[in-house]
Amino acid sequence: MYRHIPPYRERSSSAPAQPGHAPGPRPPAPRPRPRPCPRPCPRPQPPVATICRVSEDVPLLDDLMPWAVGGLRLGRAWVAAPDPAALRARWAALTGAEATERDRLFRPTRSRTPTTGAAALPGQRSPSTARFADAPGPCPEPVRVLRDPFDEQWLLPDQRLIDLARPELWRVLDEHQLFAVETPELLVTAHLPAGRLGRIRPLHRRPGGAEPNLAPGLLPLLGERYGGWVTPQDVLCWILAAGRPGPRGYEVPLTGDPGRWRAGVELGHRLLTVQLRGGPGGEPPRLPGGRRPYVRSAVQAWPRGLAYDPETETLSLGAGTVSPVPPGAWEFEVQGGVRVLEAWFASRTAHRDPEADGLEALGPGEWPQAWTSELLALVTTLALLADLAPERAAFEPGPALPAAELAAAGVLPPPRWSRRPASVLDHHEEGPGGQFALL
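If you read the sequence shown in the numbering used here, its first letter stands for residue 14, the second for the next number, and so on.
These are calculated hints, taken from the structure and not from any lab test. Check before you lean on any hint, since a few could be wrong.
Said to hold, decoys possible - What follows is a set of in silico ranges between Cβ atoms, one per label pair, in the way DEER data are often shown:
id, residue 1, residue 2, range
1, Gly349, Arg261, 19 to 25 Å
2, Ala314, Ala105, 21 to 27 Å
3, Glu379, Gly350, 29 to 35 Å
4, Trp315, Gly222, 30 to 36 Å
5, Gly222, Pro323, 42 to 48 Å
Quick reminder that beta carbons are idealized off the backbone N, C-alpha and C, glycines included.
Working from the sequences, and respecting the hints, build out all of it.
Here it is in structure tokens:
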């Protein structure tokens, strides 16, 4: 069952004074009623000096992984949701509305309106490239994306609906690709980041895991230094273990000690496996038997709130309960001190907010069972990362491989072309109105 779309509410304005009557004194404006924050409020962050190691001779992530892309700008919240069925219901409501109501539901912006033409997204079967007002076509199949840190949701992959879709990222999206996102800590995902996140750095510049997005010459130099074959994923694992946000940017100290390199790559591989939840085709990591979270009481109908009892390590969703939930999972924070579990729950209850309007108000009428399974996986991920946090904080890269040595070897600074996307137009892409560009 999906909720109906609330009727449009005109915003009231003060009525003009009647002719011949002087306006009297205005009554004092009523004090606004406090409203619950739709998303968890940020908490103070520690000063930068406490979370980074400052050194002008430490390489920056921006130089080691030169090609970076800004985040997708959706422009309208209704094109993404935690539930794919809700997206199909929103599409049906939009395409079935009359012209005037369709324009309102669409949420036009300067970049996208129902009459804006747009090309098909690379790698996606677009329902149509005609103007949405003329021929919307069938609903595109929702795709999995990373909407917020550790929050996997769904997106309608139709460029006519997205203000800034970043086609260059869609061109290199496949089962071999990984994306590193600065949040400001580094987060790695196999899904396309499509939300309020930082700059995105694909691990590979081309589909099929071809051409690493690393400074040219870096892999041979590290292989010679450490006496073995170094892969792009090895470098990414090292970055996860040793990298830290700093005032100059995200700093990645490289080591001159082969032993420290192997230790850092091993630690980073464990971090990567947890963040990817096992990865495509892999077995998701689990907590030890006595610490695995289970559903103790099923979530009924719709939970009114989220609560945590640290004494019993119980997470409550209304009458439903999950335990054990370690304190490290509950307290896990990102982006300004927001608890991940609170943000995850808020995004799944946003459509039930009294202020929700239009297509954003369409969502499940009852708590989907799939969300409970996702919650158990998320608790496991956060608990494992919390367990690894002390080891990562204590990790020391050892004697440095300074940026000056990388510069002397011609690795830094990276060439300008490495900061731009590779040309991967090896097939025709349908443009606006069904036109094809000449290759």
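The hints, checked one at a time:
Taken as a hint, the range 19 to 25 Å holds for the pair Gly349 and Arg261, whose Cβ atoms sit roughly 21 Å apart. The hint said 21 to 27 Å for the Cβ distance between Ala314 and Ala105, and at roughly 24 Å that hint holds. Between Glu379 and Gly350 the CB atoms are about 32 Å apart, so this pair conforms to the stated range of 29 to 35 Å. One distance hint, 30 to 36 Å for the beta-carbon pair Trp315 and Gly222, is violated here, with the actual separation near 43 Å.
Between Gly222 and Pro323 the C-beta distance comes to about 43 Å, which sits within the given range of 42 to 48 Å.
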